[in-house]
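**Student:** Model the full assembly from the supplied sequences, consistent with the hints where possible.
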Amino acid sequence: MKWLSSTMYSFALIVWVFFAVSSCSSTPYKPNGDPSHGALKGPYGYTPGEAKLLTQVGENYQGVFSPRGDRILFLSRSRPLHEQAQTYELILAIDKEKRVTYHDGENTSAIYGPEGNDVIYVSSTDELKETLSFLKEQRQPQTTENPAPLDGSEIYTSTLSGKNILRLTHRLGFDGQPTLNIKNQELIYVSQSKTHPELMSLQLASGKSRAILQSSQWLVEPHFSPAGDRLAWVEWNPKLDESQIWLSDYGKTLSPSAMTSGPYLHRWPRFHPSFGGVIYSSNENDGKNFELYYASLDGQCKQRLTYHLADDLFPSFSPDGTKVLFTSNRTGLMQLYSMPFRAPACAN
Numbered sequence: 001m002k003w004l005s006s007t008m009y010s011f012a013l014i015v016w017v018f019f020a021v022s023s024c025s026s027t028p029y030k031p032n033g034d035p036s037h038g039a040l041k042g043p044y045g046y047t048p049g050e051a052k053l054l055t056q057v058g059e060n061y062q063g064v065f066s067p068r069g070d071r072i073l074f075l076s077r078s079r080p081l082h083e084q085a086q087t088y089e090l091i092l093a094i095d096k097e098k099r100v101t102y103h104d105g106e107n108t109s110a111i112y113g114p115e116g117n118d119v120i121y122v123s124s125t126d127e128l129k130e131t132l133s134f135l136k137e138q139r140q141p142q143t144t145e146n147p148a149p150l151d152g153s154e155i156y157t158s159t160l161s162g163k164n165i166l167r168l169t170h171r172l173g174f175d176g177q178p179t180l181n182i183k184n185q186e187l188i189y190v191s192q193s194k195t196h197p198e199l200m201s202l203q204l205a206s207g208k209s210r211a212i213l214q215s216s217q218w219l220v221e222p223h224f225s226p227a228g229d230r231l232a233w234v235e236w237n238p239k240l241d242e243s244q245i246w247l248s249d250y251g252k253t254l255s256p257s258a259m260t261s262g263p264y265l266h267r268w269p270r271f272h273p274s275f276g277g278v279i280y281s282s283n284e285n286d287g288k289n290f291e292l293y294y295a296s297l298d299g300q301c302k303q304r305l306t307y308h309l310a311d312d313l314f315p316s317f318s319p320d321g322t323k324v325l326f327t328s329n330r331t332g333l334m335q336l337y338s339m340p341f342r343a344p345a346c347a348n
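First residue of the sequence shown: 1, per our numbering; consecutive thereafter.
Hints may contain errors.
Computed spacing ranges between beta-carbons, pair by pair [claimed, not checked]:
#: 1; residue 1: 302; residue 2: 91; range: 20 to 28 Å
#: 2; residue 1: 30; residue 2: 255; range: 40 to 48 Å
#: 3; residue 1: 320; residue 2: 99; range: 22 to 30 Å
#: 4; residue 1: 44; residue 2: 98; range: 39 to 47 Å
#: 5; residue 1: 33; residue 2: 194; range: 43 to 51 Å
#: 6; residue 1: 81; residue 2: 346; range: 44 to 52 Å
Listed next, the in silico SDA-like pairs over lysine to any residue satisfying Cα-Cα at most 25 Å (straight line) [stated by the list, open to error]:
#: 7; residue 1: 194; residue 2: 226
#: 8; residue 1: 183; residue 2: 194
#: 9; residue 1: 302; residue 2: 259
#: 10; residue 1: 252; residue 2: 201
#: 11; residue 1: 52; residue 2: 37
Keep in mind the hints are simulated off the structure, nothing from the lab.
Each residue gets a CB set at the ideal place from its N, CA and C atoms; glycine is no exception.
**Tutor:** Pasting the structure below:
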C-alpha cells in the first residue's frame, strides 16, 4: 500500500501524527464530498454509531476532549491564513473555533493541561532554527506504513489564548506525543535523538525527566488511563510493517504485555474512562483501510466500531465515555467526527 501526498505537502513531519490520504492505490474508496458515501452496513446484532461531521475549513485531525467535555482541542492545516499545522479549539456549545498557537513551526500533538485551562503541544518552531540539518535534509512523503523519519520537535505549554509559552523539553531531536497523568502531574512522551524512540517521563512541577522504557523496537503513541494506573503504547516490529498495542500497570516498574497480535497495524490506543477497555485504529479487517475497534484489556471482548471505506483514525473518548471523537477522510479531506460509543454487550 502506497500513500501519495507529495502534491499536497512539500515536506513530511511526524509520520504517525498525520496522514495525507489524497490517493491510495489499494483502497476502492473514492470520496465525493459526502461523508455518508462509502458507509458500510454493520454486522447482525450491532448498529454502529452515526458519525457527525464537526469541522470543514482546512484539514483537521487528532482531536481530544477537554476535561469537562465541552471543548475539543485539535490540529488544523491548509487554512486560508496558514498552511502549516497549528492548534485550534472548538467550543461545542456555540460551534465556534478559535486558533490557539501562532508560530512558523508545525504542530504535531496537542492535549489539554491538568485543569483544562492551558494546552500542552508539540512544535518544530525552535528546532527549525536550531537544527540546520532540518532545513537541508530531503524529506520523504508521508506514509501510514512506518513511523520514520522523526523530525525535530519540542514540547511546550501555554494558555489557551496562546500566552505564557513555556518550553518543557530541550533535547536535540524529537520530543513529542505527550500523555498526561493528572494524578501526579506527570507527562509521558516519546523522545528520539539518534537511536530508536524511547518513552520518557517528565515531572511538570520539578522539570525532571527520566527514561521509563527503552527497546530495540520503535516505541510510540503512549497514553495514560484516566486514573493514571495504566499505560498503553505502540511497538513496531524491526521491519516496520506491523505494529502492536502494549499495556502495563503503571508504577515504579513496568510489566508490559501485548494486547494485539497479527500481521497488521494497530495504533492510537485510548482507554475508556469506565469500562477500562481500549479503543484503537487498525487495518486488521482486510489489511487496507483503518477502522476503529474497542477491546477489553484481556482481548476477550472486542467490537469493530466503524464500517466505512474511508480511514478512521486518532480515536479518543469523551470524559464520560459516551462519545467517540475521531478523524476520517470521508469527505476527501481529513476532518473531525464524533459518534455515540455503542459498547458491545460483552463490555457491560
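**Student:** Verify the CB-CB distance for residue 44 and residue 98 against the hinted window 39 to 47 Å.
**Tutor:** 44 Å, holds
**Student:** Are residue 302 and residue 259 close enough, with their CA atoms no more than 25 Å apart?
**Tutor:** The hint holds at about 11 Å.
**Student:** Measuring from beta carbon to beta carbon, are residue 30 and residue 255 in 40 to 48 Å?
**Tutor:** At roughly 46 Å between Cβ atoms, residue 255 and residue 30 fall inside 40 to 48 Å, so the hint holds.
**Student:** Would you say the C-beta atoms of residue 81 and residue 346 sit inside 44 to 52 Å of each other?
**Tutor:** 48 Å, holds
**Student:** Tell me if the straight-line CA distance from residue 52 to residue 37 falls inside 25 Å.
**Tutor:** 13 Å, holds
**Student:** Residue 252 and residue 201: Cα distance at most 25 Å?
**Tutor:** Status holds; Cα separation ~12 Å.
**Student:** Given a hinted range of 22 to 30 Å, is it respected by the beta-carbon distance of residue 320 and residue 99?
**Tutor:** At 27 Å between Cβs, range holds.
**Student:** Starting from residue 183, check that the Cα of residue 194 is at most 25 Å away, please.
**Tutor:** 32 Å, violated
**Student:** Check the following: the C-beta atoms of residue 302 and residue 91 are separated by a distance inside 20 to 28 Å.
**Tutor:** 35 Å Cβ-Cβ, so the 20 to 28 Å window is violated.
**Student:** Are the Cα positions of residue 194 and residue 226 separated by 25 Å at most?
**Tutor:** Distance ~32 Å between residue 194 and residue 226 Cα, so the pair is violated.
**Student:** Holds or violated: the 43 to 51 Å window for the beta-carbon distance between residue 33 and residue 194?
**Tutor:** 44 Å, holds
When each numbered hint is compared with the structure, violations occur for hints 1, 7, 8.
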